[in-house]
Amino acid sequence: MTTDLDAIFRALSDRNRRKLLDLLYLDNGQTLTELCSRMDIARQSVTKHLKILEDANLVATTWRGRVKLHYLNPVPIGEIYERWIGKYERKRLKALNDLKLALEERKDEQA
Amino acid sequence: MSKPDFMYVIYISTTPQKLWDALIDPEMTKLFWGRHRNVSDWQEGSKWEHQDYDNTETVDIVGQVLESKPPERLVITWADPKEADDESKRSKVTFEIDEFFDAIRLTVTHEDLEPGSDMEQGITQGWPAILSSLKSLLETDEPLAMTTRRWDG
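Here the protein sequences line up with chains A and B, keeping their order.
The first sequence runs 1 to 111 under our numbering.
The second sequence runs 1001 to 1153 under our numbering.
None of these hints come from the bench; they were simulated from the model.
There could be a bad hint or two in this list.
[Claimed, not checked] Some chain A residues judged to face chain B by a derived CB distance under 8 Å, without partners named:
1. 29
2. 31
3. 33
4. 60
5. 62
6. 64
7. 69
8. 71
9. 74
10. 86
Yeah, the Cβ is synthetic: ideal placement off N, Cα and C, and Gly gets one too.
All chains, full assembly: derive it from the sequences and hints.
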C-alpha cells in the first residue's frame, strides 16, 4: 500500500482541518472534547474532520481507558517532503560529491 | 495512566516478521537508523543498546526490554547512557505491528519524555525520518539518504 496522496492533500485542503493539526502540534494527544473547546465549529463537524484526517493517516489515535487521544502523525508529510524536496537534495549532494572528487583528482595530478 | 507524548503510524507493504527483523538487524538499521545498530537478545528484562554501527563502543541510547512478543509488540525503555540511572530521564517506546487490510501497520509511541529536553527535540525530528526510510527500504530496497548517515557530531 502506497501513501494515498489524494487523501492527504484533500485532508489538508480545509482550513478547519489544518487548524486541528496546528492544535495537535501545540499539544499532542488531545481528546475530542479538548479539541472542540478550541474550535469554533460544532462537535459533530470536528468529529467529521478528525475522521478525514485519520483516514489520510495525518492523525493517529489511541485509547487510554475510556478516552480516545488524537495525535498529529507527521509521517505522511515527511513522505511528501521526500518526494518533492529530499530527492532533489540527494542530487545536489551527489553533484557536490562529484565536484569534490574531481577537485581531489586534479590535486593528485598536480602533486 | 500515562499518556504518550508522540505517536507515529506508517503503513508498509511487507510482512510482520520482515518488519520486526528490520528493527533489530544491524545491516538494516545501519541504512534507515542513522548508521546505528540495536543490540540485545530481545528477551523481556534484558538490556538493549543503540550503538554506532562502525564504533560499537559509542552507545547513544540504552534501555531495557519491557515486553517482547515477536513479531507483534516490542516495548523498551530509552535513555541517554549518561542519564540512564535517573528515572525521570527515562522514557518508553512501544512498537506495535499489525495487519491492516493488505498492508502492515507500524505504530510507534513514545512516552514519559521530559518536556523541552534535548531528547524530546531529537525524537520529534528523528522518528518520522527513520520510519519513512524504513518503509522505503522494505518496499524498494532503497533507504532515504538522510538516514544513512549519523546525525550528530
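Quick rundown of the hints versus the structure:
no. : hint : verdict
1   : 29   : 5 Å, holds
2   : 31   : 10 Å, violated
3   : 33   : 15 Å, violated
4   : 60   : 4 Å, holds
5   : 62   : 6 Å, holds
6   : 64   : 5 Å, holds
7   : 69   : 6 Å, holds
8   : 71   : 4 Å, holds
9   : 74   : 5 Å, holds
10  : 86   : 6 Å, holds
Hint compliance for this structure: hints 2, 3 are broken, all remaining hints hold.
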